[in-house]
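Engineer: Chain residues, written in single-letter form:
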Amino acid sequence: VSRRPLPRRSFLRGAAGTLIGLPWLEAMTASPARGASPGPMPPSRFVVFYTPNGHPLSAFRAPAGAANPLATPILQPLTPHRDRVLVLEGISLLSAERLGHECIGSLLTGARPGVSVSLDQEMVRALGSTRLGSLELGVSIPAAPTGRVHLSFAGRDRPRPAINDPRLVFDQIFPGDGTTAAAQMLARRRSILDGVKANLNRTLSVVGSADRMALQQHLESVRELEMTLDRVAPSDCRRPERPPAIEPTDHKNSATLAGLQSQLLAMAFACDATRVATLMLAEAGAERYFSFLGASNTPTNSWVGVSHRTDSTGVTYHTAISKWCADRLSELVGRLQAIREGNGTALDRTLIVWMTECNPDHKVDDVPMVLVAGNSFQVRSGRTLNFPAGTSHNDLLLALLGLMGVRQASFGNPAFCTGPLSLA
Amino acid sequence: MRLALTLLAVAVNLACAPRIPIEGAPCPCGDGFVCVNKVCAKEGGPGAGGTTGMPGPTTMNPPAATPPDGGLPLPMATCTDPGPTVMRRLTGAEYRNTVLDLTGVPVIDRELPEEFPDLRAVQWSFSPGGLEALVLAAEDVSARAVARPQELLPCAPDQPGGNSCAREFIARFGARAYRRPLADDEQMILLKAFEAGRSAVDFMEGIRRVIEVALGSPQFLYRIDIGEPAERTGVTPLTGWEIATRLSYLLWVSMPDEPLRQAAASGSLSTLQGIRAELQRMLRDSRAERTRHSFFERWLTASAVRTAPKPPENAAFDVELRESLVTSAQMSFSRLAWETDQRALFGSAELWGNMSMARFYGLTPPAGPGFEALRPAGDQKRFGLLSYPALLARAADGEESSPVARGIMFVRAVLCTELPAPPANVEAVLPPDPRPGATMRDLLEEHSKNPTCSICHKVIDPVGLGLENYDGYGRWRTHDKGQPINAAGRLLDIDFDGPAGLAMLLGESPQVSECLVEQWFRYTFGRDVELPPDGCTLKQLKTAFMRDGRSFQALLQATVETDAFRTRIVTVGGGP
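One line per chain: the protein sequences are U and X, in this order. Note that this note's numbering has the first sequence beginning at 1, numbered continuously upward. Note that this note's numbering has the second sequence beginning at 1, numbered continuously upward.
Bound conformation, chain X alone (with noise of 0.2 Å):
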């Protein structure tokens, strides 16, 4: 199996390997061309301009100037509208990964009211109550921080009468705190709370309402896209210290390192060449994992299984097992599927897991007492995401499988299908068993007699029922109840029989292709749902992620290469 994956990774590579930057020629493309109806061109050239076809109500601003580094200027629209930018509001991760990087002390022991995981939230503002905790949290962190002067100030405090140390403070903290450097009205704000603290304590007092003013205002709590300055209505490119801020957020869910700023003040990330080189390096840190954990979480809720019912008799189900099957989700998903791509996500034979997992759900043991990638024990089979016990336990019904739950999870999550709400009067609930000895399958019939049930249910139930090889907490069976499994089922118009074929049937879908891709833009973009002008961004990310084999490394390198990442639109008249 390892021999196996080095050998995808290597094709995976070869796929990635440059491309031959002729106009006209068959895509990929090289570097300044992107790919139009299969056939590359210039960027920013006239065959480039709107995918879609739509005559954009928009010009272009002139491009700006070249970068020192003499890369290439940044590539003007290819899409002729990169969709709204909104105001984004950090999340409840994204907040505390950045109140560390930034004072170097964690945010800790507090309820943050307004930690939404959804992605609707992230434009809403914040409620009062809300605004309070984190004007406590913030004096809780500047109170630690202040108390580790030398890692905190770059210099020694000043003297009564000076300011120079709290203003170098101002500027060097204030640009960490805010992404980009400060106007100078923003450094009055903050030197005015400064000498406020200073003159009621001390030095330090000034300090800490430093940072807690900063913690506490828009620029901190939410990421602002400005963009370089345009005299004209139509779309203008991200200035180089917003493109870092959406790098660090969507690879490390917190802000810019000092690599990353340094790129950002050179103009290196106003050139594709520039973001690539820092998305290189960027996935070589292991803060790469946590957009992979984030998006998965957004995406499947696995850590629902933290608090899935469970009959209380089950004891080795315990607090530790659901908690390692949470971690066993994450990794496998990010060292098995996203290294890969769509097959393996469905595929992978293996799943990471520690000691009690593989005690648990026979797999074979860990050498350590870690976790490892572990092979099934037996006759047992595992097809990725399909098999993740997180997912299969928390998606159940208490301990017995829920084909239902199951196959709303994964229909809605994969095929991106929607499913209205049941009717009103639909017990959520299966009634008892009416015929003893009936099997799951034989209750979900009901479903397709009854046409109102049969819309959304012959198309979940069957991805429900291809799972009953795994119990309600994810473990293999060939038998329930005394009978032999049957998990075939129709689904797309293919037929399949049992996990193996429903995994394979995924892994090869094209509709399953461009869900995935979806919900990488929705968390991406922080849409909920997409919009119009979003179609032409989404085509070229589909087409990316199909044409170098359905890998998820190629969709995030499209991703950040995309219009809709590094440029915005501006309505001069209607707002800046």
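The shape of chain U in the complex, shown without the other chains (with noise of 0.2 Å):
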């Protein structure tokens, strides 16, 4: 790996096709605010890894004893970060009250879907505050309020909208347009979240109660933007040139904006401008087209069509489309490992849990998950962890919180919590 810093603006772009890339990953390893001397120890992150339409377990998991848990159709893009990795089994998501892909609601809140706060939003207050809360990523999720876009909820009927446009998410980490000093920016967002909040509170006192409610989540949103106005990025943060304009709703871009996406979320950490992320490669129940399956574009061939096929062409292409979602993991975690950082790297001190909301035939009993998770936890990677049949995902969202040093009896329902399952 070459150390000498690369310009700030070289944002490279791709022909069509090719990956686009940012290079300031690469500018930042050489940084010397986070390269030379070992600063304070670099927080924790947390990240949800979601794809939708589950996998077919056939290629998905190893054989029981096998010494590999990696060597799988789907899984071997891991196999670098083997390591890092642990697989879990036999985990149900049994607090969704429900089958199908409407289940992705529950993945998070551990509860029926979207009725509470999800589990990155309880990170957030877990892992300190940046400038940036979470950062919710996503690829061409569509903009509806169905009960299949939503995985991050700041509590019921509150969802997070995952964000499509990577120029949008490069605002939110780089704020200012690069020519104004971006002090001066945040100082004029700021005079006018002031005048915002000013009328929000006028408009409280004349509203009925239940318009009131509404209103004063608005007030919350906006005291969240502030927040992410009061903390200044880190100096040795470099700002590279914005992304280039990628229509963020065709699915043909699929592919280089979740690339995109991926960078971005690295990019974030490294600046710490936020610990907590969820980033969607689609939503669930999905239907998207791959091209790399060769096969013509009917809903039979869809990523949803596909995965509801029990014929040995469809387990095939499910298979291409799993493991096309692995090297996108795989990706991320070689992105956070490329990031120096004290004595060691930004993977060390994340931890990467890969969800998807339901299995083939739509039931949500042992539901496959992958954790990746940096070497500073406590957790026995390089293996498969088998647990018992009706082992409640909830105990699993208490496991992670957990890991960051939370410890609490319940998370979501908690008739479904019976407490934390031991991952190390």
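A few of these clues could be false.
[Unchecked claim] Dumping the calculated BS3-like pairs for lysine-lysine here, alpha-carbon to alpha-carbon at most 27 Å:
1) X/Lys381 <-> X/Lys449
2) X/Lys310 <-> U/Lys252
3) X/Lys381 <-> X/Lys458
4) X/Lys192 <-> U/Lys363
5) X/Lys449 <-> X/Lys481
6) U/Lys323 <-> U/Lys363
7) U/Lys252 <-> U/Lys197
8) X/Lys458 <-> X/Lys481
9) X/Lys310 <-> X/Lys481
10) X/Lys381 <-> X/Lys481
11) X/Lys310 <-> U/Lys323
12) U/Lys197 <-> X/Lys449
Calculated directly from the structure, the hints in this document are not laboratory data.
Bring the two chains, given one by one in their own frames, into a single complex with the hints.
Structural biologist: Encoded structure:
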């Protein structure tokens, strides 16, 4: 790896089909502030990597007793990070109290879909405040309040929709337009939000109780936004050029967008702009088409279409898509590993959980999950962990909280909590 | 066909002739009267309270003072309860239209992550991410707006020390942004933002900040109805400003224009005559088509044809053609159905289309390059909504027709029959054809054999099979895989034969009439589901729709005259 810092404005605009890269990661690794002197302990971070429509279990799991849990058609791309990977079996989404794609709303809430706060938001509280509380990243997630597009919730009926446009994400990580000094820009935004808050407060005093609740939540959102302005980005965080405009709703751009979002996520961690992120490669039940399958674009060949097929071609297609997802996860892990931090890398203090909302038959018992845990966490990785049938995923959520130093008796619906799973 | 449409229009006009204002006369009733149990009663009179017969827990406020133009005062509730009035967030389309009308510059090149088309979301607040997108959009808009000071400012920029022009701008711009005159404290908030910008940079920066604060504030982002001040719990009229706002978002999907604002200021919107006059004026404006498009989209999501999967081999079904289908469906609905009645909605033999559509679908080619009402060529038949290519091609299985998808779409949309999700263990995709040569009808026979399936599919499948004369693109056909199409079926206990019979059945069906009113009601009042008090309003609307030949114009007029549209319930103590 070359240690030559790259020029500030060296955003590579790729030709169609080639990977578009943000070379700041490289620049970051040469940053003296982080590289030379081991500063204070770097923070812990939490990532939810979400891909929809389940996986063909036969191609996901290694046979019982296999030495290498990653020697399967789907998980094989994670092999370079084998030491850090823990494959979880036997976990069921009991607290969803339903089946099917809508269970996406239960994955992080540990309750019926979308009725309570999600784990990532709980982590924001645990992991300390950063400029951005959390980042919700998506790849062409449709703007619809159906139960299939939201993973993160601030509370009941308060989804935090994923942001599809990498440029909007970029603007959140790097406030300011690059010409005006960032501090001036932030002061300006603060003054605008002051006016907005004054208007919110006076409106709160004249509306009825139902509307007051919605406005209170709006005010909370404004305060959260304000907090992102009050903390200035670290000085060693270089501002690369803004990503090019890529139509975020066009599925043909999925691979490019997924790459950019993953790079921006790593960037946000490197700059300590946030410590919590969710990345959705698609919405639950997504009907997407992958040209690498070489199949015609009929619904039975779409992502959700192949996921429900039981014929061998269908399973082969689904396997290829799941492997594509594992590739994206492996890339993300690689990016975090490339960021030097103290005496190690940003991966050391990062916990990633890969989740999907149900199995191909819509059932939610024994849903495959994968943990990628940095070496600072008390997790014995590099293996498959088998839990007894009927193990509630709420206990996994409790375990993840525990790894971040949060001990609590329940999360989500307490009826489905028995205590944190042991991952050590 | 043109002649037939003209005749229909005349018939509708006759049906809307003035009614004789006599108490006790059979409905329809004239101005100042309402229809109670099929008999006219004075508005607000003793017979007019509560057509449902429910003892209302509410009392009524004294009527508003007679407005200066001498019109009748706003009649008080005919339904004891207008239903809850909820604050509504501007939808994506409303936000974009309003910003353009307000500032003269469009929102461009921005993803607004919370641009929800759905009804449920209008009652949600914004997440921080959504809010940030709005903050960035407002920064962008204000920068482009102040680049055209002569169009933005009502006066010459103030010299240092003065702020009279800023104050004038705030009063004018603010009243348009908040859709009502500003209270003193609201002016002060914007003036403070101005002063901060001016002292940091210059006068125009102050103006920019006023714009950005306004665009980020709840008075702009939500439609909030407070109503006239009331001291007692009960029904209170909305202010003229609030009615103007409801009218403009209902009819134009944007903020009120100057004449509507003047009508609000003059008090004329507190009378039925005033509301009717504005309604007629607004309907003549080309912006009125936005509502028909917007309602149609929320109702049937024709835009989904843009991404409906089709085999790439069929190169003719390209992006442009898909876009044409969306336009075709919107215009066909707006110009052929909405202008007439329920029968035309399902019966119109024409489709709006352009040259590429005419070619692909075998319609008589248009005379010009744009969209025109086109007749089908040859022996093919079109039956209004049931045959819009956008809908048939979106509810399809790739190149194949999907009677189930079509059936579900129309059963939900025009019969308002709620369908539960299929059992979890059901394969959503049909199994491969076990018998070579089996038709779709043969395959769907399975549904009738299994009682778990037949509950829903006995309604879904006939509608879909009745449309088998249209292929997966919505093209007319008489044969499928070499076999003649059998599109006969039985729905709502009536036998029908083919799309013509289905169209006739739906065009006449009272259940469809009720459903159309309910769909429109949900759209108008931002409900995703009706609440108990809505029953009274719905009954009024259904009565009006049936009475006036099931014409959509009559439904629209009746809507803006309901108490639910013009009043709100006030619970003193529990909130204003």
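Engineer: Please go over all the hints and tell whether each is borne out by the structure.
Structural biologist: Here is how each hint holds up against the structure:
For the suggested pair X/Lys381 and X/Lys449, the alpha carbons sit about 33 Å apart, so the restraint of at most 27 Å is broken. For the hint linking X/Lys310 to U/Lys252, the alpha-carbon distance of about 15 Å falls within 27 Å, and the restraint holds. Taken as a hint, the X/Lys381 and X/Lys458 pair is honoured in the structure, with Cα atoms around 26 Å apart against an allowance of 27 Å. For a cut-off of 27 Å, the pair hint linking X/Lys192 to U/Lys363 is broken: about 57 Å separates their Cα positions.
For the given pair, X/Lys449 sits about 25 Å from X/Lys481 by alpha-carbon distance, which is consistent with the 27 Å threshold. At roughly 21 Å between alpha-carbon atoms, U/Lys323 and U/Lys363 fall within 27 Å of each other, so this suggested pair holds. Of the pairs offered as hints, the one joining U/Lys252 and U/Lys197 is violated, with about 41 Å between alpha carbons and a cut-off of 27 Å exceeded. For a cut-off of 27 Å, the pair hint linking X/Lys458 to X/Lys481 stands: about 25 Å separates their Cα positions.
Using a Cα cut-off of 27 Å, the hinted pair X/Lys310 and X/Lys481 holds, with the two alpha carbons roughly 19 Å apart. The suggested pairing of X/Lys381 with X/Lys481 holds, with an alpha-carbon distance near 20 Å, which does not exceed 27 Å. Proximity of X/Lys310 to U/Lys323 is assessed by CA-CA distance (about 25 Å); at most 27 Å being required, the pair is judged to hold. The suggested pairing of U/Lys197 with X/Lys449 is violated, with an alpha-carbon distance near 62 Å, which exceeds 27 Å.
Checked against the numbered hints given earlier, the structure breaks hints 1, 4, 7 and 12 and satisfies all the rest.
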